[in-house]
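Student: Sequence:
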Amino acid sequence: MTSEVKFFVSVGVITLLILVGGVFLYSNKASENVKPVEESILVKEDSTKMVSASASATFVEFGDMQCPACAVAHPTTKQIRENYAGKINFVFRHFPLLQHKNAQIGAKAIEAAGEQGKFWEMQDIMYDKQDEWGEKDKPLDIFMGYAKELNLDEAKFKSSVDSNKFKDKIDGDTYDGNQAGVDATPTFFINGIKYTGSYSYDDVKKALDDAMRKK
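The sequence shown begins at 1 in UniProt numbering and counts up one residue at a time.
None of these hints come from the bench; they were simulated from the model.
These numbers come from a predicted model, not from an experiment.
Wrong hints could be hidden among the right ones.
List of simulated lysine-lysine pairs, BS3-like, C-alpha gap at most 27 Å [stated by the list, open to error]:
no. : residue 1 : residue 2
1   : K156      : K49
2   : K138      : K148
3   : K129      : K165
4   : K129      : K49
5   : K165      : K49
6   : K169      : K156
Restraint ranges, calculated between C-beta atoms of paired labels, are given here [what the hints assert, rightly or not]:
no. : residue 1 : residue 2 : range
7   : K87       : P36       : 12 to 22 Å
8   : N178      : K101      : 13 to 23 Å
9   : S198      : P36       : 17 to 27 Å
10  : K35       : A184      : 17 to 27 Å
11  : M212      : A184      : 23 to 33 Å
12  : Q179      : S52       : 23 to 33 Å
13  : D202      : A85       : 11 to 21 Å
14  : A69       : D202      : 13 to 23 Å
15  : K138      : V72       : 23 to 33 Å
For glycine and all other residues, C-beta sits at the position ideal for the given N, C-alpha and C.
Could you put the whole structure together from the sequences, leaning on the hints where they help?
Tutor: What follows is the structure in structure tokens.
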């Protein structure tokens, strides 16, 4: 290789490194300057949540009970909910997608269980067994089995799922999600900043721990 060729190769490599470094710095700078979504949009009085007076972070999930990705991510969010109890505010908001035919009734089912103090337990079962009911024509028949498993008042549970009492809450959650820029499920917000990493527990934990240190 001639000296002239070596020179141009070196210049090319240096230029590439500068460009990559510039993009990296710009990306970091951009992420630092992201404006958080207002808490008044992300958390409402009627939101299903576990809160703590000493919380140093707020974790909000917008989810769809029939969403396969939500079911995949659920072990992580369940761990976060359990391991950070008393340390953070954990909030779940509904965002049922139109392409999922049982997403709406799925949302109603966990709300109906929530009336009897079993929101999270019903959510756990429904995500774990999503394949059992996700595409069924009569998912309520299957939900009744879950209600029995949780020792719920089955008649009350069925009556609530059959009613429209949760419509305003579910529609309100969806509206707020749209306002917050949610375009897929699950979508997480940590202290108002949309989380864009993987669904692995370690990655979500790192983002949450970083946010708690900055609080």
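Student: The structure should be examined with respect to each hint, and the outcome stated for every one.
Tutor: To see whether the hints hold, each was checked on the structure:
no., hint, in the structure
1, K156 with K49, "holds, 22 Å"
2, K138 with K148, "holds, 17 Å"
3, K129 with K165, "holds, 25 Å"
4, K129 with K49, "holds, 23 Å"
5, K165 with K49, "holds, 19 Å"
6, K169 with K156, "holds, 19 Å"
7, K87 with P36: 12 to 22 Å, "holds, 19 Å"
8, N178 with K101: 13 to 23 Å, "holds, 20 Å"
9, S198 with P36: 17 to 27 Å, "holds, 21 Å"
10, K35 with A184: 17 to 27 Å, "holds, 20 Å"
11, M212 with A184: 23 to 33 Å, "holds, 25 Å"
12, Q179 with S52: 23 to 33 Å, "holds, 26 Å"
13, D202 with A85: 11 to 21 Å, "holds, 19 Å"
14, A69 with D202: 13 to 23 Å, "holds, 18 Å"
15, K138 with V72: 23 to 33 Å, "holds, 25 Å"
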